[in-house]
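K.L.:
Sequence:
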Amino acid sequence: MRISPSESPLVFVFFVFLSMKMAMAKNNTTIPVNVGVILDLDIGVNKMALSCINMSLSDFYAAHGGQYKTRLVLTIRNSKQDVVRAAAAAGLDLIKNIEVKAILGPTTSRQSTFVIDMGAKAQVPIVSFTASSPSLSFLRSPSFFRATQNDATQVNAINAIVKAFGWRTAVPVYVNDEFGSGIVPSLTDALTAIDARVPYRSAISPTATDDEIGEELYKLMTMQTRVFIVHMSPTLGSRLFLIANKIGMMSPGYVWIITDGLANFLSSMNLSVVDSMQGVLGVKPYVPRTKELMSFQNRFKRKFMQDNPDIVNADLNVYGFWAYDATTALAIAVEKAGTINLGFQKPNVPRNSTDLENLGVSLSGPNLLQAMSDSSFRGLSGNFRFVNGQLKSSPYQLINVNGDGAREIGFWTAENGLIRRLNTPININTSAYSASNSSLAPIMWPGEVTSISKGWEIPTNGKRLKIGVPRSGFTEFVKVTEDPSTKSFNFGGYCIDVFEAVVSKLPYALPFDYFPFEISGNKTYDELVDQVYFEKYDVVVGDVTIRLNRSNYVDFTLPYTQTGVSMIVPVKDDKNKNAWIFLKPLTWDLWVACVCFFVFTGFVIWVLEHRINEEFRGPPLYQVGTSFWFSFSTMVFAHRERVLSNLSRFVIVIWCFVVLILTQSYTASLTSLLTVQKLLPTVTDVKELIRNGAYVGYQEGSFVLRLLKNLGFDESKLLAYSTVEQWDAMFTKGSGNGGIAAAFDEVPYLQLFLAKHCSKYTTVEPTFKTDGLGFVFPRGSPLVSDVSRAILNVTEGETMKKIEEKWFGKEASCPDPSTSISSNSLGIESFWGLFLITGVVSFLALLIYLIMFIYEQWDIIMSPDSRSLRQRAVELFWNFYNRDFSSHTMIRKQVNDQQVQFNEPTPSVCSIQAEFSCEQVGGFSENGDQNTNDQ
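Count the sequence shown with mature numbering (1 follows the signal peptide of the UniProt record, and there is no 0) and you get residues -25 to -1, 1 to 910, in order.
If you're looking for bench data, these hints aren't it; they were derived computationally from the structure. Possibly wrong hints are sitting among the right ones.
Unchecked claim - List of simulated lysine-lysine pairs, BS3-like, C-alpha gap at most 30 Å:
1) Lys22 <-> Lys441
2) Lys731 <-> Lys684
3) Lys321 <-> Lys71
4) Lys498 <-> Lys744
5) Lys462 <-> Lys781
6) Lys454 <-> Lys777
7) Lys429 <-> Lys462
8) Lys367 <-> Lys311
9) Lys498 <-> Lys692
10) Lys547 <-> Lys692
11) Lys735 <-> Lys547
12) Lys498 <-> Lys441
13) Lys55 <-> Lys278
14) Lys96 <-> Lys367
15) Lys744 <-> Lys781
16) Lys559 <-> Lys498
As the structure is a computational prediction, the values presented were derived from the model and not from experiment.
All chains should be modelled from the sequences, with the hints used to inform the complete structure.
P.N.:
As structure tokens, then:
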């Protein structure tokens, strides 16, 4: 066939087109893989998610189509918010009939619970990007992949906010379904860990009417707590805030924190709803603003508006990004798992078995599950990676609703806590983890105020505080009087004045009413404190002591009085009539030590002097008397005997120093006993009271009764008093005459008693530790911290001093009752250093002398003659006992004696030495008898 020139271009184009078709047919070897999608398509957010899924596949295969052989083919099922329909779509349709290799969805956590079980049975991965309930984590199914943040992860961010602003109570407000109630246990535990109390949980039905929501909000208004944490769906949450704003709960003082369940949808809410949420804080997962994300948002808006012209607002949120990334992860995992064994293994079951039993098992399931677990890439939502089937947690963005949208105020990360900006280096000199509100940008609170709410207040439409006041005999502390005409009570006293002064220091009004509580008989202070635990009273104000057993049920403020329980006893006039008072300056052990060292020092001086000093010679009894006389006479420095040995002189120098200190100390102590101490306590020992069976007093209704029983007192010996006058009268009668020998009470009462009777009584040891008087509040009451700070404000100023002078008077001439009577006797512990020094010096002198004596007598010790050891020992003894005529002092004495006898010039020392060396003095004759020639 001939082709004309005019037809040649058409023929060329035809052949080119034919060649391209043949090439495409040759390369078109892609393998379809069925994937199910279960969504509630009646909800706008799920329509958005479905569009993101489709765009994810389109974008992914456009970019990687030449490299990937597999293609995901979506089979979509609408669950229509029905759990049974979702389960049927997954198990009976998608898995059994369509034989899908994976399922995207379903929407809710409740639907996911059933679908996950079927996926585990068929080894089909279930990938949900909206099921966020923490309860799903307990399933621990290897087939479930949560491509969204677990609601429990945002609890730590909320917890950091509560801690940063110092709020002590918070109330969760949540939708009463699987989504809402799942976060409450984690939230409660986190708040408890930072000592923040959850006094109430506000659960609102998902089908609640506006009237029911309003009724619940009015209930919250009557509570003290002003911090509310809202976790619910956007539809219910919008209605909640519209009603809260209408009834005045978006005014100054309120704090609202929303979870990501609402924070993620702020951009799609009506302006009227956003306007009613001004000042609300929120947390939501942080999504980095990348170029890819912004480009996708623009493309999505155009496509979504084309596909859904009935939807006005097409704003994306993080759920759409997670849907996009989850689809991408699934496409990658399917390709990585391979195309071998894409079928299902049918089970061998009887014909009459159920549809669930007929579910097959995906042969490619294990490989696909492993590939999904290994997924890791950079997606629209940030770093996308599964850790044990859970999407790796990301930082949380903190927002503040202001104007027509949300304003970023900071971030929270698990590593750094609250921070103003991400990727900000942490100062190495500070703690890496921050929980301070200074880490956040300025916040506009409800009511358009910038001052931080304290988180609670006394509700104006709530009840006034009921304050229990003990009515006892000590009217100086609490004075309750009844007006017969009006049948009303008047309240006064030290404790009442302190409380009212404290309340006046609070930065807010605290309305209250007093109610008397009679303390008598079986009604004790413990029973009064119990009334707060049983919610009969909101507070107890009075002379109530802070005790451990009471703090197990209530909270106490800081104490506003001195602490401790002491014993008080009458005093007696000593008048120094004791004949043995001269012994009291020193304790018995110090007396014994002094006597021992006097004797020891006299013995040492005798050893060192008796061979060379004639003043220490003579008959044995005379030598003993002289030695002791010399030692004891040093006490008054009246010794006349001269010491000749240098060793003796050194010992005497040290000993005289010791004696000087002892005598001066004795004199000072005796002077104090004779001139200063005029009054003595009648009893100084608790054991003495118990041993003698004395009667002891205590204040009626006080915990001191239990303390005395624990000390070992017989209950029959314990008498109660209720007034200061009765207390004094019982002391006057005395033990055994209907009175008491001692009384135990707290320091504030002792101060009051001694202020009136300081000349008759005194306190003595022991003092038992207590924490003083405090005000009683219910456990976890936010008032405790504020009142405690106000107590410090009052006690550190002049107000407390004026109140004390008003009720107790000035302590002009009375001693401090907290000062215990103690002994003025000096003990050995004050002088053991001196005794140690003189003892060591004396011992060393004695040792040196003995070494020198043994050296002089070495010839006798080592003599080679036939004398026995006993004979040598006797000779050494007599040489030690007798004079040492070879000593310098004995030689001088002999010279002086000869000069007096012959009245001749003094011979030389050498001649005298020669004369005496030839004589046998104190030696033994040949027959062993002692030579008694005393020269």
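K.L.:
It remains to establish, for every hint, whether it holds in the given structure.
P.N.:
Against the structure, the hints:
no., hint, verdict
1, Lys22 <-> Lys441, "56 Å, violated"
2, Lys731 <-> Lys684, "29 Å, holds"
3, Lys321 <-> Lys71, "9 Å, holds"
4, Lys498 <-> Lys744, "24 Å, holds"
5, Lys462 <-> Lys781, "27 Å, holds"
6, Lys454 <-> Lys777, "18 Å, holds"
7, Lys429 <-> Lys462, "39 Å, violated"
8, Lys367 <-> Lys311, "21 Å, holds"
9, Lys498 <-> Lys692, "21 Å, holds"
10, Lys547 <-> Lys692, "23 Å, holds"
11, Lys735 <-> Lys547, "8 Å, holds"
12, Lys498 <-> Lys441, "19 Å, holds"
13, Lys55 <-> Lys278, "24 Å, holds"
14, Lys96 <-> Lys367, "26 Å, holds"
15, Lys744 <-> Lys781, "27 Å, holds"
16, Lys559 <-> Lys498, "48 Å, violated"
Figure legend: structure checked against the earlier numbered hints; hints not met, in rising order: 1, 7 and 16.
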